[in-house]
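Same order as they appear, the protein sequences are chains A and B. Taking my numbering, the leading residue of the first sequence gets 54, the next gets one more, and so forth. Taking my numbering, the leading residue of the second sequence gets 3, the next gets one more, and so forth.
The hints are simulated quantities; they were obtained by calculation from the structure and are not laboratory data. Any given hint could turn out to be false.
With a straight-line cut-off of 20 Å between C-alpha atoms, the simulated SDA-like cross-links for lysine to any residue are [to be verified]:
#: 1; chain 1: B; residue 1: Lys-107; chain 2: A; residue 2: Val-249
#: 2; chain 1: B; residue 1: Lys-107; chain 2: B; residue 2: Leu-167
#: 3; chain 1: A; residue 1: Lys-217; chain 2: A; residue 2: His-196
#: 4; chain 1: B; residue 1: Lys-54; chain 2: A; residue 2: Ala-145
#: 5; chain 1: B; residue 1: Lys-85; chain 2: B; residue 2: Gly-185
#: 6; chain 1: B; residue 1: Lys-107; chain 2: B; residue 2: Gly-145
#: 7; chain 1: B; residue 1: Lys-107; chain 2: A; residue 2: Ser-121
#: 8; chain 1: B; residue 1: Lys-85; chain 2: A; residue 2: Gly-245
#: 9; chain 1: B; residue 1: Lys-85; chain 2: B; residue 2: Met-62
#: 10; chain 1: A; residue 1: Lys-217; chain 2: A; residue 2: Arg-63
#: 11; chain 1: A; residue 1: Lys-217; chain 2: A; residue 2: Gly-174
#: 12; chain 1: B; residue 1: Lys-107; chain 2: A; residue 2: Asn-237
#: 13; chain 1: B; residue 1: Lys-85; chain 2: A; residue 2: Asn-150
#: 14; chain 1: B; residue 1: Lys-107; chain 2: B; residue 2: Gly-170
#: 15; chain 1: B; residue 1: Lys-85; chain 2: A; residue 2: Gln-247
#: 16; chain 1: B; residue 1: Lys-85; chain 2: A; residue 2: Ser-121
#: 17; chain 1: A; residue 1: Lys-217; chain 2: A; residue 2: Phe-250
#: 18; chain 1: B; residue 1: Lys-107; chain 2: A; residue 2: Asp-231
#: 19; chain 1: B; residue 1: Lys-107; chain 2: A; residue 2: Phe-250
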Amino acid sequence: MITAPRLNRREVVTDLLADRGDLVVVAGLGATAWDIASVEDNPHDFPLWGAMGGAAMIGLGLAFAQPSRKVLVITGDGEILMGMGSLATIAAARPRNLRVVVIDNESYAETGGQRTPTASGADIAAIALACGFPHAHTVREAHEIEPLRADIHQLDDLFLAVIKVALTDDPRVLPPRDGAYLKNRMRAALLGPQAVFE
Amino acid sequence: MLSLRLGMTIMMRQNHSDPTRHWAHDIYEVFQAQNISMVSYVPDAGHIDLIKLCEADERMRLVSLTTEEEGVALAAGAYLGGKRAALLMQSSGVGNCINMLTLIKSCQLPFLTLVTMRGEFGEFNPWQIPMGQATPDVLSAVGLIVYRVDAPSEIREVLEAAVCLAFGGYCGVAVLLSQRLIGIKRFVEEK
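In isolation and in its complexed conformation, chain A is listed as follows:
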């Protein structure tokens, strides 16, 4: 059996965020935050510089607070594994406007490429399904990205997708790192400019 070359994370994230409209994006600590920054610096982005394991739950809070918007959490395999219990919490809550995309390079790439449990078979999509996610699947090929992008905007239900990507050394593109700025920018984008006076 011939396996296709692994997907490139930057290309995948760029394609997923094409024509995003007012999609709200939370990006987990590390490479996924740099990935979204490499696409653009968008006021609907909340890239994390810490709080490892918290990206999906921040997404849940946003999804509850903004039920008319779609909220996308983009995070890594290491980050989601640290908050694995949150998959059970989120499945139980089942917000229809929340989506979780895990960019899985099977490594802690930021710290030297040490293997994560997904390299040894831990299956995050299966874990999500076992937690009660109504939909979860793993993407390995380029032609699956566009249908996933469409689902992010159109599917009226909670889902998780794992995208298997290559371990790459990408140019580091950093988002703003002042947390108060990121907070105020997101609130102004979602709630209007008066939100920063509240």
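Using the hints, position chain B against chain A.
The following block gives chain B in isolation, referenced to the frame of chain A:
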């Protein structure tokens, strides 16, 4: 074979001004008045009445967590989206939250948690004591402002001040509900 059944008794203190009314009503009323519409928890016996009050309120979003730090991140997301949240936990859960609480200070986010205390006044379980005793210090160390309530008559005033400080001052506030307030938990052996 030794067969033991463990039963649990909790002596609940009532509000002095109205002995039929539990202090959890005071907390719930402050939540309502201050637009706290999302409450997450890892349950503790001391929070039973408050959780029941929130469960009965259709306007309140109640989220059961697998670990307390999830509630910190949830509250952050809620505020980014324009809603106010509170996290209910026992003192043993505080240690689970420490790194996630850095989010609150790093982003100057409002954050409110109500912590029912173990490991202090009248504690019988030695395993609760280290975390209970460390709770105020570790919360302060990670940047939260810490208040403590010992008497039911103080709850409303302290909680109102805590909400004002958190959401007006963009900071994290923990209100510790002391073991003296909640009642001393005892496990009774039944043979």
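Okay, the hints, checked on the actual structure:
This hinted pair checks out: Lys-107(B) and Val-249(A) have alpha carbons roughly 17 Å apart, not beyond 20 Å. About 14 Å separates the Cα atoms of Lys-107(B) and Leu-167(B), which keeps this hinted pair within 20 Å; it holds. Between Lys-217(A) and His-196(A) the CA atoms are separated by roughly 13 Å; this keeps the pair inside 20 Å, and the hint holds. With a CA separation close to 18 Å, the supplied pair Lys-54(B) and Ala-145(A) stays within the 20 Å bound.
Between Lys-85(B) and Gly-185(B) the alpha-carbon distance is near 32 Å, which puts this suggested pair outside the 20 Å criterion. Taking the CA atoms of Lys-107(B) and Gly-145(B), the gap is about 6 Å. The hint holds against a cut of 20 Å. Distance check on the hinted pair: Lys-107(B) and Ser-121(A) sit about 29 Å apart at the alpha-carbon level, beyond 20 Å; violated. Restraint check for Lys-85(B) and Gly-245(A): satisfied, since their Cα atoms lie roughly 14 Å apart, inside the 20 Å limit.
Note on Lys-85(B) and Met-62(B): the hinted pairing holds, with a Cα-Cα distance of about 11 Å set against a maximum of 20 Å. Restraint check for Lys-217(A) and Arg-63(A): the C-alpha separation of about 12 Å stays at or below 20 Å, so the hint holds. Of the supplied pair hints, the one linking Lys-217(A) and Gly-174(A) holds, its CA atoms being roughly 12 Å apart against a limit of 20 Å. Only pairs whose Cα atoms come within 20 Å are accepted, and Lys-107(B) paired with Asn-237(A) is accepted, the gap being roughly 14 Å.
Of the pairs offered as hints, the one joining Lys-85(B) and Asn-150(A) holds, with about 16 Å between alpha carbons and a cut-off of 20 Å not exceeded. As the CA atoms of Lys-107(B) and Gly-170(B) are separated by approximately 14 Å, the hinted pair is consistent with the 20 Å bound. Distance restraint check for Lys-85(B) and Gln-247(A): the Cα-Cα separation of roughly 15 Å lies within the 20 Å cut-off, and the hinted pair is therefore satisfied. A hinted pair counts as satisfied when its Cα atoms are at most 20 Å apart, and Lys-85(B) with Ser-121(A) qualifies at roughly 14 Å.
At most 20 Å may separate the alpha-carbon atoms for a hinted pair to count; Lys-217(A) and Phe-250(A) exceed this at roughly 43 Å. Taking the CA atoms of Lys-107(B) and Asp-231(A), the gap is about 11 Å. The hint holds against a cut of 20 Å. Restraint check for Lys-107(B) and Phe-250(A): satisfied, since their Cα atoms lie roughly 19 Å apart, inside the 20 Å limit.
Going down the numbered hints, you'll see the structure goes against 5, 7, 17, while the others check out.
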